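*Asks:* So the chains spell out like this:
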Amino acid sequence: AQSVSQHNHHVILSEAASLELGCNYSYGGTVNLFWYVQYPGQHLQLLLKYFSGDPLVKGIKGFEAEFIKSKFSFNLRKPSVQWSDTAEYFCAVKNTGGFKTIFGAGTRLFVKA
Amino acid sequence: ETGVTQSPTHLIKTRGQQVTLRCSSQSGHNTVSWYQQALGQGPQFIFQYYREEENGRGNFPPRFSGLQFPNYSSELNVNALELDDSALYLCASSYDPTSPGNTIYFGEGSWLTVV
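Protein sequence lines, in the order shown, are assigned to chains A and B. Residues 3 to 115, numbered by this note's numbering, are exactly what the first sequence covers, in order. Residues 20 to 134, numbered by this note's numbering, are exactly what the second sequence covers, in order.
Hint data in this document are derived by calculation from the structure and do not stem from the laboratory. Computed from a predicted structure; not experimentally measured. Don't take each hint at face value.
Across the chosen pairs, the derived CB separations fall in these ranges [to be verified]:
| hint | chain 1 | residue 1 | chain 2 | residue 2 | range |
| --- | --- | --- | --- | --- | --- |
| 1 | A | 28 | B | 102 | 27 to 33 Å |
| 2 | A | 115 | B | 76 | 43 to 49 Å |
| 3 | B | 76 | A | 43 | 28 to 34 Å |
| 4 | A | 43 | B | 90 | 25 to 31 Å |
| 5 | A | 81 | B | 90 | 42 to 48 Å |
From the three backbone atoms N, C-alpha and C, an ideal C-beta is built for every residue, glycine too.
Please take these sequences and the hints and turn them into a complete structure.
*Replies:* Shown next, in the form of structure tokens:
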């Protein structure tokens with residue numbers, strides 16, 4: 003069965019620090035990959051997605067993620083975080099042609115001003 | 020703003036009761052999926068409706084059921100509520116769930132508390 007593993011449940015950073023959130027998935031076929039963000043009191047929003055092509059995907063608010071097929075990974079990065087990036091981040095995977103999107107448990111990021 | 024609207028936003032039910040949650044999908048979307056998000060966890064897939072038919076289900080018991088209407092809005096029904104059903108219930112809509120470019124867009128959710 004498909005699964006998604008997010009390595010860090012809680013991350014605390016100071017403003018301007020660099021961010022990398024780990025995500026690994028288990029599925030042997032072709033996948034679509036997503037990062038969603040949930041700001042306090044708001045709904046889940048799409049941050050970025052990968053379907054095909056360039057494995058380095060750029061999203062909103064300066065975020066990017068790299069798909070490494072050999073490692074079944076899709077890590078999220080941002081060179082310099084801001085206080086407003088405080089949120090919960092969810093990695094998700096969907097097998098191409100499948101019907102459901104599977105989510106990881108989430109990583110709570112707190113950025114100190 | 021995704022255009023996916025859910026109601027009610029919050030509700031409290033007693034164990035053993037039944038609840039109906041509602042969702043209006045984003046314009047142009049024909050697929051609705053429902054997720055349960057318990058505190059501290061990621062969204063768990065309940066089921067999906069595509070053109071009024073259930074076309075996928077997660078590991079939830081039959082007391083979780085749903086409907087999709089001709090206008091592609093949807094309902095989630097939960098019978099015989101248990102305390103562990105307390106969670107945020109998320110509706111997400113999309114177009115053509117099997118297309119390579121398919122992305123789901125979430126509503127704000129319905130907070131259900133079972134006491």
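*Asks:* Given a hint of 25 to 31 Å, does the C-beta separation of residue 43 of chain A and residue 90 of chain B actually sit inside it?
*Replies:* holds, 29 Å
*Asks:* Cβ-Cβ distance between residue 28 of chain A and residue 102 of chain B: within 27 to 33 Å?
*Replies:* holds, 31 Å
*Asks:* Given a hinted range of 43 to 49 Å, is it respected by the beta-carbon distance of residue 115 of chain A and residue 76 of chain B?
*Replies:* holds, 44 Å
*Asks:* Please test the hint of 28 to 34 Å on the beta carbon pair from residue 76 of chain B and residue 43 of chain A.
*Replies:* holds, 30 Å
*Asks:* Does the Cβ-Cβ separation between residue 81 of chain A and residue 90 of chain B fall within 42 to 48 Å?
*Replies:* Given a distance of about 44 Å, which is inside 42 to 48 Å, the answer is holds.
In this structure, every one of the numbered hints holds.
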